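Asks: Sequence:
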Amino acid sequence: MVNVLRIVGVVLILLGGLFSIASMGDLGNGYGLQQAMIDGVGGMALLVVGVVCLYLSYRRIVSVKPSSTEIVREREIIKEVVMIPCRYCGGLMPQASTFCPNCGARRQSG
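Mapping to the working numbering: the sequence shown position 85 is 85, numbers consecutive.
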């Protein structure tokens, strides 16, 4: 789709340029001001549409979603640790620990 927009954009810009150049030649060939204005406006319209097509093609390249092969960063897991007082020394120790980090006493369950 992006390549098609680019090709269409370039072709329309070229055609618009040709029509604009042809409008200048119409005045010299005796077609008159009205025909020159029609060709000139048509050429400018093609130029504008071509530029818009090119803009959209480059805009889509930037907004392409990342592929599935991109490395996904691991999320940081934050755990809350509940601290309880040691029965022997009164120091705080994690609830899940078996021994007190301060005095080394075994935690009594219950």
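Please note that the accuracy of each hint is not assured.
Cβ pair distances, simulated, as ranges [said to hold, decoys possible]:
1. Ile77 <-> Val48: 51 to 59 Å
2. Val81 <-> Val52: 40 to 48 Å
3. Ile7 <-> Met37: 26 to 34 Å
4. Glu76 <-> Gly104: 47 to 55 Å
5. Leu56 <-> Ile21: 44 to 52 Å
6. Ile77 <-> Gln108: 48 to 56 Å
7. Asn3 <-> Val81: 50 to 58 Å
8. Asn3 <-> Pro94: 15 to 23 Å
9. Ile38 <-> Leu14: 17 to 25 Å
10. Ile78 <-> Asn102: 39 to 47 Å
11. Val82 <-> Asn3: 56 to 64 Å
12. Leu56 <-> Gln34: 47 to 55 Å
13. Gln34 <-> Val11: 24 to 32 Å
Think of the hints as simulated: they come from the structure by calculation, not from any bench.
All figures in this text were calculated on a predicted structure; none of them were measured in a lab.
Glycine included, every Cβ here is placed at the ideal spot set by N, Cα and C.
Asks: Work down the list of hints and note, for each, if the structure agrees.
Replies: Here is what the structure says about each hint:
1. Ile77 <-> Val48: 51 to 59 Å: holds (53 Å)
2. Val81 <-> Val52: 40 to 48 Å: For Val81 and Val52 the Cβ distance comes to about 58 Å; the hint is violated.
3. Ile7 <-> Met37: 26 to 34 Å: holds (29 Å)
4. Glu76 <-> Gly104: 47 to 55 Å: Given a distance of about 32 Å, which is not inside 47 to 55 Å, the answer is violated.
5. Leu56 <-> Ile21: 44 to 52 Å: At 26 Å between Cβs, range violated.
6. Ile77 <-> Gln108: 48 to 56 Å: violated (30 Å)
7. Asn3 <-> Val81: 50 to 58 Å: holds (56 Å)
8. Asn3 <-> Pro94: 15 to 23 Å: For Pro94 against Asn3, whose Cβ atoms are near 60 Å apart, the range 15 to 23 Å is violated.
9. Ile38 <-> Leu14: 17 to 25 Å: holds (19 Å)
10. Ile78 <-> Asn102: 39 to 47 Å: violated (25 Å)
11. Val82 <-> Asn3: 56 to 64 Å: With a Cβ separation near 59 Å, Val82 and Asn3 satisfy 56 to 64 Å, so the hint holds.
12. Leu56 <-> Gln34: 47 to 55 Å: Since Leu56 and Gln34 have Cβ atoms about 33 Å apart, the given range 47 to 55 Å is violated.
13. Gln34 <-> Val11: 24 to 32 Å: Holds: the Cβ-Cβ distance is about 27 Å, inside 24 to 32 Å.
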